[in-house]
Amino acid sequence: MRYIKLPSENFGKFFKSLEAWGSVYAPVKRGGIYSFQEVHDPAEIALDYNRTMLPPKKFFFRPKEAILRLKNGHWEENLEAEPTVLFGLHSCDIHGLKILDRVYLDEPADPYYKSRREKTLVIGISCMPDEYCFCKSLGTHFAMDGFDLFLHELPDGWLVRIGSVRGHEIVWENGELFEEVTDEDLANFKEFEERRANSFQKELPQEGLADMLDLAYNSPVWKKYADICLACGNCNMVCPTCRCYEVCDRWVDAYSAVRERRYDSCFMENHGLVAGGHNFRPTRLDRFRHRYYCKSYFDPSSGYNCVGCGRCDEFCPAKIEHVKVLDEIRGSLE
Amino acid sequence: MNPYESHPARILEVRDLTPREKLFTLRFLDEDLNERFTFRPGQFVIVDVPGFGEFPISLCSPPTRSPIQLCIRKAGRMTKFIHKMKEGDVVGIRGPYGNGFPMEKMEGSNLVLVAGGLGMAPLRSVLWYAIDTGKYEHVWLFYGTKAYEDILFRDEIIHLLKHGSAMGCTVKLAYEVESPSCIYLEQGFSDRVCRGVVTDLFRGEEFDVNRAYALICGPPVMYRFVIRELLDRKLSPGRIYMTLERRMRCGVGKCGHCVVGTSVSMKYICQDGPVFTYWDALSTRGLI
Numbered sequence: 007m008r009y010i011k012l013p014s015e016n017f018g019k020f021f022k023s024l025e026a027w028g029s030v031y032a033p034v035k036r037g038g039i040y041s042f043q044e045v046h047d048p049a050e051i052a053l054d055y056n057r058t059m060l061p062p063k064k065f066f067f068r069p070k071e072a073i074l075r076l077k078n079g080h081w082e083e084n085l086e087a088e089p090t091v092l093f094g095l096h097s098c099d100i101h102g103l104k105i106l107d108r109v110y111l112d113e114p115a116d117p118y119y120k121s122r123r124e125k126t127l128v129i130g131i132s133c134m135p136d137e138y139c140f141c142k143s144l145g146t147h148f149a150m151d152g153f154d155l156f157l158h159e160l161p162d163g164w165l166v167r168i169g170s171v172r173g174h175e176i177v178w179e180n181g182e183l184f185e186e187v188t189d190e191d192l193a194n195f196k197e198f199e200e201r202r203a204n205s206f207q208k209e210l211p212q213e214g215l216a217d218m219l220d221l222a223y224n225s226p227v228w229k230k231y232a233d234i235c236l237a238c239g240n241c242n243m244v245c246p247t248c249r250c251y252e253v254c255d256r257w258v259d260a261y262s263a264v265r266e267r268r269y270d271s272c273f274m275e276n277h278g279l280v281a282g283g284h285n286f287r288p289t290r291l292d293r294f295r296h297r298y299y300c301k302s303y304f305d306p307s308s309g310y311n312c313v314g315c316g317r318c319d320e321f322c323p324a325k326i327e328h329v330k331v332l333d334e335i336r337g338s339l340e
Numbered sequence: 074m075n076p077y078e079s080h081p082a083r084i085l086e087v088r089d090l091t092p093r094e095k096l097f098t099l100r101f102l103d104e105d106l107n108e109r110f111t112f113r114p115g116q117f118v119i120v121d122v123p124g125f126g127e128f129p130i131s132l133c134s135p136p137t138r139s140p141i142q143l144c145i146r147k148a149g150r151m152t153k154f155i156h157k158m159k160e161g162d163v164v165g166i167r168g169p170y171g172n173g174f175p176m177e178k179m180e181g182s183n184l185v186l187v188a189g190g191l192g193m194a195p196l197r198s199v200l201w202y203a204i205d206t207g208k209y210e211h212v213w214l215f216y217g218t219k220a221y222e223d224i225l226f227r228d229e230i231i232h233l234l235k236h237g238s239a240m241g242c243t244v245k246l247a248y249e250v251e252s253p254s255c256i257y258l259e260q261g262f263s264d265r266v267c268r269g270v271v272t273d274l275f276r277g278e279e280f281d282v283n284r285a286y287a288l289i290c291g292p293p294v295m296y297r298f299v300i301r302e303l304l305d306r307k308l309s310p311g312r313i314y315m316t317l318e319r320r321m322r323c324g325v326g327k328c329g330h331c332v333v334g335t336s337v338s339m340k341y342i343c344q345d346g347p348v349f350t351y352w353d354a355l356s357t358r359g360l361i
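In order, the protein sequence lines correspond to chains A and B. The first sequence stops at residue 340 when you use the numbering used here, and every number in between is there. The second sequence stops at residue 361 when you use the numbering used here, and every number in between is there.
Since the hints were derived computationally from the structure, they do not count as laboratory data. All residues carry an ideal CB built from backbone N, CA and C; glycine is no exception. Check the hints yourself; a few may be wrong.
Cross-link-like lysine-lysine pairs, in silico, DSSO-like; alpha carbons within 27 Å at most [said to hold, decoys possible]:
id : chain 1 : residue 1 : chain 2 : residue 2
1  : A       : 120       : B       : 153
2  : A       : 64        : B       : 340
3  : B       : 153       : A       : 77
4  : A       : 70        : B       : 340
5  : A       : 301       : B       : 340
Sample of chain B residues facing chain A (criterion: CB under 10 Å; computed from the structure) [to be verified]:
id : residue
6  : 85
7  : 152
8  : 269
9  : 272
10 : 292
The shape of chain A in the complex, shown without the other chains (with noise of 0.2 Å):
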């Protein structure tokens, strides 16, 4: 890894430089909600924000989009991908996004997705948690890859993790912004990171975990959440990692159409609904039960499904909390 110092006055140089790149995205405030917008002007950027109410996911796996088009009886792909500059993910978002990369570009890769991840530029900027973050607990606060540079705040500019070839290049194009890291940003660096290790609110503990909710699998606590659950979906439509997709043609006219693809939701009912009406998992109960277990799954190549960003509580309509179902679940079992 290489580091360097981005000094607080050539922040806005190098914020611009970025449109060389592509369109740049950035967190801003609109009403009490961050999101990921289009931003020319430097000052727009909401850099101490918590979370976006949609993850970085939108910008790879769209909520909805044509994939095929049906035209003269052949499919045409609609490839499209503009170039892109994604600017300040946090640490969870840059791994939920790995997550991600291990289904849609695993072969046969998605070429949709793995068109857009081609020409992205992902940089990615230190975070403070809130009451909902529980990333630290899953091992996802800090990045150590999947990101183009990443900025650490320091009290006079931004240390600067160089994380790959391309932001070798970005550094090299504008090198007379940056310059060596001191001792002193060393020890700012390290300051910063202890006391944001020790500003977490919530853990999840996560000795046995996977297999403690697998033994639980009776228990009355899911009934008691899947009661009180809307089945919104909106957990799924929030999560970095939730990537299930529906499928349908739709005619633009008599001889034209798409076959367009969507967010879907495993709380939705005819989620495992097969031909002929059998469904496997038929009521809210087993629907529930899946989304925890989904998330709580340990894969061996990229950890768990879930990142401890805090949107599925933050956005739950119902109040319920990831960490205290899981915690009950697991209590449940004594």
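Could you slot chain B onto chain A? The hints should help.
Just chain B now, kept in the frame of chain A:
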């Protein structure tokens, strides 16, 4: 090649099998693809009716024969639509997907095929592959249906009831609803056709459990009873293969509809399956 794009294939023949099921014989428009296209019994394809949608269907013909055949039950919007299609119409096919049965591994062994209802379709691929190649010692087919009218590939089944032994194959049939045709069939093959459920067909059949594999496909409720029967006979869980149905939308492990399991073991039926052993069922909750 975009993995979601299908290859156009012409419907060469449409045959009524039952009032609900039709057999479609298909040939790709691309001749090279017809040459190239190969699969393992138990694999499935996604049928694409452009402008209307896609659905997954098991290949029911054996890889030893071409062109390919699909047995499609009229069960939903899409299959209702394809049932209206005629010879000469073109649909899209992508695949084959899934793991299929490990035919090479089972060579030289006895195969016990247990089919319930529409489960006959993927097992027909195994059945004719085994007969065509002659690489398997003996094949049993235990087939349970609702009524005489529901017997899929009735001509083939009756042909095998008559001449199966010469091909190293024993076919046994159980039906639930009695009809004059069933009684007639039962009179003709009193040792192999009976009224009852598919597990009744195991009675009187002996096979060396160390040299046999069981291959099961049927409605969800069937698996538990058949597996119990096989385990009672001391067949190892690793020799029990079953092919499962889930909502396989994309076929390539992306869309998430066919995921089963819990926090310790999650499987995509479309890629990890649809064929699993009973060991998999023991370690993956919700598989059967």
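Each hint, compared with the structure:
1. 120(A) with 153(B): 35 Å, violated
2. 64(A) with 340(B): 25 Å, holds
3. 153(B) with 77(A): 24 Å, holds
4. 70(A) with 340(B): 26 Å, holds
5. 301(A) with 340(B): 14 Å, holds
6. 85: Nearest chain A Cβ about 19 Å off; hint violated.
7. 152: 6 Å, holds
8. 269: 23 Å, violated
9. 272: 21 Å, violated
10. 292: 8 Å, holds
Of the numbered hints stated above, those contradicted by the structure are hints 1, 6, 8, 9, listed in ascending order.
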